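From just these sequences and the hints, can you work out the full model?
2 protein chains.
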Amino acid sequence: MNNRFLQPIEEALYDYLPSADCRERKLVEAMRYSLEAGGKRVRPMLVMEFNALCGGKPETALPFACAVEMVHTYSLIHDDLPCMDDDDLRRGKPSNHKMFGEDTALLAGDALLTLAFDILTSDDTAALVGDKTCRRAAAVLARYAGASGMVGGQVIDLQSENQRVTYDVLNDLVGKKTACLIQAACELGCLAAHADEGKIRAASEYGECIGFAFQIQDDILDCTSTDEVLGKPVGSDEENQKSTFVSLLGLQRSKQMVDNYTAQAVGALRRFMGDTQPLTDLALALAQRKN
Amino acid sequence: MNNRFLQPIEEALYDYLPSADCRERKLVEAMRYSLEAGGKRVRPMLVMEFNALCGGKPETALPFACAVEMVHTYSLIHDDLPCMDDDDLRRGKPSNHKMFGEDTALLAGDALLTLAFDILTSDDTAALVGDKTCRRAAAVLARYAGASGMVGGQVIDLQSENQRVTYDVLNDLVGKKTACLIQAACELGCLAAHADEGKIRAASEYGECIGFAFQIQDDILDCTSTDEVLGKPVGSDEENQKSTFVSLLGLQRSKQMVDNYTAQAVGALRRFMGDTQPLTDLALALAQRKN
Chain F
457 MNNRFLQPIE EALYDYLPSA DCRERKLVEA MRYSLEAGGK RVRPMLVMEF NALCGGKPET
517 ALPFACAVEM VHTYSLIHDD LPCMDDDDLR RGKPSNHKMF GEDTALLAGD ALLTLAFDIL
577 TSDDTAALVG DKTCRRAAAV LARYAGASGM VGGQVIDLQS ENQRVTYDVL NDLVGKKTAC
637 LIQAACELGC LAAHADEGKI RAASEYGECI GFAFQIQDDI LDCTSTDEVL GKPVGSDEEN
697 QKSTFVSLLG LQRSKQMVDN YTAQAVGALR RFMGDTQPLT DLALALAQRK N
Chain S
457 MNNRFLQPIE EALYDYLPSA DCRERKLVEA MRYSLEAGGK RVRPMLVMEF NALCGGKPET
517 ALPFACAVEM VHTYSLIHDD LPCMDDDDLR RGKPSNHKMF GEDTALLAGD ALLTLAFDIL
577 TSDDTAALVG DKTCRRAAAV LARYAGASGM VGGQVIDLQS ENQRVTYDVL NDLVGKKTAC
637 LIQAACELGC LAAHADEGKI RAASEYGECI GFAFQIQDDI LDCTSTDEVL GKPVGSDEEN
697 QKSTFVSLLG LQRSKQMVDN YTAQAVGALR RFMGDTQPLT DLALALAQRK N
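Residue numbers (this note's numbering), protein chains in the order written: chain F, 457 to 747; chain S, 457 to 747.
Simulated from the structure, these hints should not be mistaken for laboratory data. Any given hint could turn out to be false.
Any copy will do: because identical chains look the same in the list, a pair fits if it lies in one copy or spans two.
[Unchecked claim] Cut-off 25 Å, straight-line C-alpha distance, at most; resulting in silico cross-link-like pairs (PhoX-like, lysine-lysine):
#: 1; residue 1: Lys482; residue 2: Lys588
#: 2; residue 1: Lys513; residue 2: Lys588
#: 3; residue 1: Lys482; residue 2: Lys698
#: 4; residue 1: Lys513; residue 2: Lys482
#: 5; residue 1: Lys513; residue 2: Lys711
#: 6; residue 1: Lys711; residue 2: Lys588
#: 7; residue 1: Lys746; residue 2: Lys482
#: 8; residue 1: Lys711; residue 2: Lys482
#: 9; residue 1: Lys554; residue 2: Lys496
#: 10; residue 1: Lys549; residue 2: Lys496
#: 11; residue 1: Lys496; residue 2: Lys746
Bear in mind that the values here come from a model prediction, so they are computed numbers and not experimental data.
Right, here's the structure in full:
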């Protein structure tokens, strides 16, 4: 996956951290630790690409890109805590609470979430995009990240553990837990460039579709890699109590869904006049990824 | 303490909660549970009083009042978690994680923090106060609640456990952990009424001073009530490893500080033309409270 905005994103992320020259240095170090453990930066890349597609300058979208990544990072820190998934590792490194203790990890997540809204509504960001756009961007992020969005999806996920859920529940879960923040990223990119409502809706559709495609492809990879290790038939969910698209629909129909969602995402790009190739490539790369 | 805005605040708080008619009902119930366990609603009262003092209509300030209370409530839920203070009780009721489990309590806190910014930046709030005021209010709340404010204070608090700290550290701790959110409330009240910068600064000074007076009075009450139970000399901190103003400065100088801060807070109200009596009374009531 080619992220042509990776370098400015990485630089800006750390520039937004508060100074570590204070008594609460450990907090800033914990925030930085998890930001540095970042993966492919898919969400900030989506902000930057939609902004570019709508004719915006990169520097205008950088605060929005960083805010979305801060929210994503906070959600991973809280997800890894012992009372949640209890993960000791995140992307091959010790998880935040393993490095800094549970208390600091909890607060580092809280601080990153708060920092996201600080960035979106600061005087500096307002000078770049105007008060209304700042205000709307914060509203979009809060709506998609909160109780009716990502956090709601996490609660549905908790309730779905160790039981077989219906397709409707799984759809609600993935839509909220995974797709919502990706949708927010796409909408924020359009907002940064002052795009019209039609374009924002199209970006939202693209985001929702690649969010689902991403999660279903994840389930497929989990299932096929597990099968290689265990030598068990594809699609068996005996070892995995959690319902996934693969366990509910089987491998073939799941692969079909990834293709359908990806096609719908690419189709939504027709609404835009500019060069849609980077976002088409991104949708295809996510669908075809092997890890 | 007379809170003439209590009823509209209570009503608005629950109106802002998402509908519980969803799969993540347990999350909304957990959010509501801790909001209902609310105490004196000092912070929303400050928003409403400063708004009134600056000539604003009550309904204009209600979203701001609710947002500050959401942030306060989230901080209490996370503070009570086993990895933090590990409190089973909050205001005589089981703490959130005792009722709903640690995972849901963590997420209820996250959702309340996010909801605060949702409220401040929604289209409805923008229709009441305008885009710029929404944007600035969110910026003020994020700054005072985040890594350089309340969350930073919580980290300093964690680092100060079981050791005697200097007066400078305690000052930094209390300023951030307690005073910052109270300052935010006072500033938000002025913002809701479109008050000028001089008034916002005066409100901020009032908030900082009553924040300190509140915390020092808390330390005094903790110390004197403990002494009644244990029959030990006032000011003894053998039982309490944590440094407080009383353990550092003694009871007499601490009482003097409460009086000084309260006088400074009341003095800051000179900047305002309207009826400052309610805020004068509030400062005095906080300083003289017995529980």
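Quick rundown of the hints versus the structure:
In this assembly of identical chains, the alpha carbons of Lys482 and Lys588 never lie at most 25 Å apart, being 35 Å within a copy and 34 Å across copies at closest. With identical chains, the CA atoms of Lys513 and Lys588 are at most 25 Å apart both within one copy (18 Å) and between copies (23 Å). Taking identical chains as interchangeable, the C-alpha atoms of Lys482 and Lys698 lie at most 25 Å apart only when they sit on different chains, with a minimum of 20 Å there against 36 Å within one chain. In the homo-oligomer, the alpha carbons of Lys513 and Lys482 never lie at most 25 Å apart, since the shortest distance is 35 Å inside one protomer and 43 Å across protomers.
Proximity of Lys513 and Lys711 under a CA criterion of 25 Å is satisfied in neither setting, with 37 Å inside one chain copy and 57 Å between copies. Taking identical chains as interchangeable, the C-alpha atoms of Lys711 and Lys588 are never at most 25 Å apart, the minima being 41 Å within one chain and 47 Å between chains. Neither within a single protomer nor between protomers do Lys746 and Lys482 lie at most 25 Å apart by alpha-carbon distance, with minima of 36 Å and 36 Å respectively. With identical chains, the CA atoms of Lys711 and Lys482 are never at most 25 Å apart, being 44 Å at best within one copy and 33 Å at best between copies.
Proximity of Lys554 and Lys496 under a CA criterion of 25 Å is satisfied intra-copy only: 23 Å inside one chain copy versus 38 Å between copies. Within a single copy, Lys549 and Lys496 get their C-alpha atoms as close as 15 Å, which meets the 25 Å cut-off; across copies the closest is 44 Å, which misses it. In this assembly of identical chains, Lys496 and Lys746 lie within 25 Å of each other by CA distance solely inside one copy; the values are 14 Å within and 55 Å between copies.
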